[in-house]
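Put chain B on the given structure of chain A with help from the hints.
Listed here are the chains, written in short residue letters.
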Amino acid sequence: MLAALFYIAAFIALTSTMAALTRTNATHALIYLIVSLLAVAVMFFLMGAPFAAALEVVIYAGAIMVLFVFVIMMLNLGDTGEDREREWLTGRNWFIPGAMAALLLLEMLLVLSDSQGVTTGTAVSPKAVGITLFGPYLLAVEIASMLLLSALVGAYHLGRRFIVRRGDH
Amino acid sequence: MDGLMVPMEHVLVIAGLLFVCGLFGLMLRRNIIFMLMSLEVMLNSAALAFIAAGAHWGQADGQIIFMLILTVAAAEVAVGLGLVLQIQRRFKTLDMDQANRLRG
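Just so you know, the sequences run in chain order A and B. So for the first sequence, this note's numbering puts the first residue at 1; every next one is plus one. So for the second sequence, this note's numbering puts the first residue at 1; every next one is plus one.
Excised from the complex, chain A in its bound form (with noise of 0.2 Å):
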């Protein structure tokens, strides 16, 4: 029973991003892409990772997702985009860009072919997490903030010149 959410979940997944990834409108393809990372979070659940489930929702598929529509809106694409979108999208663009993809899951799969082991069914709490992540990778913890800070201070340098220019006129 498990094992059927399970590879229903992973089919819901690799299904919406492809189809995420091949749409011409952006707020589609943003919809298609928050089904696959629901369906990822479906499947960190049930391999036993409940707290990293409850991450995937709230700030991959919540606060980055959110991020994106909030600059799709502000750009105010329209139908001109969605034309010159679909002519990029055909013709034989596919070609060697499925070829080389391709060329790399062919070689994914022979590497994988000879794993072995399965997860095992216990759940690793989130008390656990915290422990851990505040114990021996306590120092990953204040990198990963120093990072967040940058990130801060960029994202708010090139976004105030343009509201700033947006102001202008």
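To be clear, the hints were calculated from the coordinates, so they are not data collected in a lab. A couple of the hints might just be wrong.
[Stated by the list, open to error] In silico SDA-like links for lysine to any residue, alpha-carbon gap of 20 Å or less:
| # | chain 1 | residue 1 | chain 2 | residue 2 |
| --- | --- | --- | --- | --- |
| 1 | A | 127 | A | 139 |
| 2 | B | 92 | A | 74 |
| 3 | B | 92 | A | 70 |
| 4 | A | 127 | B | 53 |
| 5 | A | 127 | B | 67 |
| 6 | B | 92 | A | 83 |
| 7 | B | 92 | A | 71 |
| 8 | B | 92 | A | 159 |
Below, chain B alone, put in the same frame as chain A:
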């Protein structure tokens, strides 16, 4: 709730398929918003592989690396979308082929 026993190679193949989807999208699309989305898909597939490895050993380390990947993804998206706004303002398009000169 308890997790279930999934063969490792199935999870890793799913992660590989997601990664290749993202890579294919990154090579195919020229719209910078879709390129950022493809990067998100690729980071997410790497996170899936880490979670699977953490579940295999029953340790919390996989989830911690997932959180670090989440941090990197959030930082990358914040700066990337700021760049999207600048590119749209300067070139009036989202086509990355129009922005291939380092000094616009």
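Cross-check of the supplied hints:
1. Between residue 127/A and residue 139/A, the direct Cα distance comes to roughly 19 Å. Compliance with the 20 Å bound is thereby established for this hinted pair.
2. Proposed proximity of residue 92/B and residue 74/A is supported: the alpha carbons are some 13 Å apart, at most 20 Å.
3. At most 20 Å may separate the alpha-carbon atoms for a hinted pair to count; residue 92/B and residue 70/A meet this at roughly 18 Å.
4. The suggested pairing of residue 127/A with residue 53/B holds, with an alpha-carbon distance near 19 Å, which does not exceed 20 Å.
5. For the suggested pair residue 127/A and residue 67/B, the alpha carbons sit about 15 Å apart, so the restraint of at most 20 Å is met.
6. For the hint linking residue 92/B to residue 83/A, the alpha-carbon distance of about 16 Å falls within 20 Å, and the restraint holds.
7. Taking the CA atoms of residue 92/B and residue 71/A, the gap is about 15 Å. The hint holds against a cut of 20 Å.
8. As the CA atoms of residue 92/B and residue 159/A are separated by approximately 16 Å, the hinted pair is consistent with the 20 Å bound.
In terms of the numbered hints stated before, the structure departs from none.
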